[in-house]
Amino acid sequence: METILAPLASGLIEAFQPINLAMLIIGCVAGLMVGALPGLGSVNGVAILLPVTFLVPPNTAIIFLAAIYYGAMYGGAISSITLGIPGASTAVATVFDGRPLAMQGKAELALVGAALASFIGGTVSIVLFTIFAPPLAEWALQFGPPEQFALMVMAFATFIGLGGDDVPKTIFSILIGLVLATVGLDVVTGNPRLIFFDLPGFYHGVNFLVLAIGIYGIGEMLWTLEETTGAAPVVHKIHPTLRSLLHNAAIVLRYTWRTVMTSLLGFFVGVLPAAGATPGSLMAYGLSKSFSKDPDSYGKGNPAGVMAPESANNAASTGSMLPMLTLGIPGSPTTAILLGGMIIWGLRPGPLLFTEHPDFVWGLIGSLYIANVFTVIINLAFIPLFVRILTIRFTILAPVIFTLCIVGGYAPEQNLHDVWLMLLFGVSAYLLRKLNYPVAPAVLAIVLGPLAEAYLRQSLITSRGDPSIFFTRPISLTCMLIALALICFPIVAALRRSRRVPEGMGEGAKEWQG
Amino acid sequence: MTVRTAELLAAILLALASISFMVKASENYILWVPLRGPGAGAWPFWLSLGMLLTCLWNIFRWFRGLTPESRSNETFMSSGAVYIVGVSVASLFLLILGSAYIGIYFSLILFLFFFIRIIGKNGMLTSVMLSIFLPIGLFLFFEWALRIPLPKGISEPLFYPIYRIIY
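Residue numbers (this note's numbering), protein chains in the order written: chain A, 1 to 514; chain B, 1 to 167.
Isolated chain A (complex conformation) (with noise of 0.2 Å):
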């Protein structure tokens, strides 16, 4: 226990530098800002902000990035109780009782519901994050090369198994991201690769920020304008005071236990690849009806049913950050975003990270703590000001955030070859977006593409050429055989069910902030 107390007292008091307090408490601000908005979630915010942690250290950086994370994930309530409009994915299952709530007056009381079960559930898995990280670090310490490939094989095939999207739309969004990752001159051998039309600015490779810009800035912003026809929305009004909200707050603490579950369940999902917040909400908002001795009254404004998804998509952020800091492999396309930005900076993700960068990752997990506090606060005193920002017409918004995407992608590398190229991504991620291509894995895959080449070169360099090691040594071959397992799955029920009639188009959007 000493080991981890230690340690994460100095991360606390990491955490307690003016620097990063500011930085923390500004990116809990614009996390809940970005969550509270439609069509844009953590992911969005986190990559059109990322090049602003150019201008401080790693370890703040992480902690704004982190904080917007977070905010973002209890920001997600408010447009899904106020407008009956989820503002992310993760916040879906939160309208199915958050928004009935707001048609009977109760809108309030869903939002400190939202708000405290999100504290709940941050509580909780930063908990386990901090009981359970160490030890992970310390054993993923003896991978070598070929349990690092396996790994990275392992991720990308939970997005095929567990991602839900259409199979073959999946593989082929890993393999761009892979192939786009490879472009630049090759490490080992020094030749180019993939240089298009000779083009110079391709020999510097595709930076991950740019696509991800693309994708989830400008991509994200034509969907939304497509869909909201840039109107402002009709918002459901709120007038808080002290003594309401004290009352509120009394009601649903009623629901604390069953909310511990349902933070439980959506940590342990959230540490999942491709799983992520989304299905955790919509899986404890069914754990949290089945508990229930009155499930009839769940979609038709039952608190616990707002405090269900809420607790969990917090509890899944926190656990998406644990087999990114611990094995370098991230849970969620934000944590993606983060460790792509760990590289930027310097660091290299994985277990040397809790040897290497102590006070960077004790940091971050202090800063976790200290984030849950601040984003609840700061939630519940400013909901009429976060409610407000939902009236904003969407014809302001995209411009400002078109301009962000531009500026911050030519700020890394300082080339507008970069700015053309995140134009092409974010246009083509938008038409592709129309026909269910899922994009998420593309981003995964483009961050560690590099990680993965080169672990499997080493390995295959080790073995003279022989493939078998990565089935001889017993961590590998778990981990390529689950990964078998999670790549079979759908193909043989994809099989199954094409022998059958086909039906109608029914299907919904498919997932986009993954």
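Possibly wrong hints are sitting among the right ones.
Selected chain B positions facing chain A (in silico; Cβ < 7 Å) [what the hints assert, rightly or not]:
1) PRO38
2) MET51
3) SER88
Simulated from the structure, these hints should not be mistaken for lab results. Because the structure is a prediction, the values reported are computed rather than measured. All C-beta atoms in this analysis are idealised placements derived from N, C-alpha and C, irrespective of residue type, glycine included.
Based on the hints, put chain B in the right spot on chain A.
Coordinates of chain B only, in the frame set by chain A:
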């Protein structure tokens, strides 16, 4: 264009892109190089082949009508969507093009005013304020705080007096 046509068109275009990746990757060794390991082109080549196979899989499914998109005769993009997305993409294109020639700050002023006032039909005060103060804010953040110069094209000499103050 229907969703069904768009699905096929996308699969064909992505298949062609995959082939072009394979061709470019094969400019390097794509097999095992004795004593050196996999050739520099091996990883992108075989991944691109995988991309091509998934595209062929999609085309096969299109012919068999196995996916919802391959059976849908709905319009791929409504006229309203074509308008707002088309205008947005065209204005972004001109913004980037303008950044190379007249500089990003002046291009941004034009882009923001066009989008907020003309496309969005928002108030003149909001449009002018945002069009002027957002580029100024970006200048202060990137050029002054971060020391990252943004492209200025032919407008560069106009910034010399400001450089003398901030640097």
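What hints, given by number in increasing order, does this structure fail?
-> none
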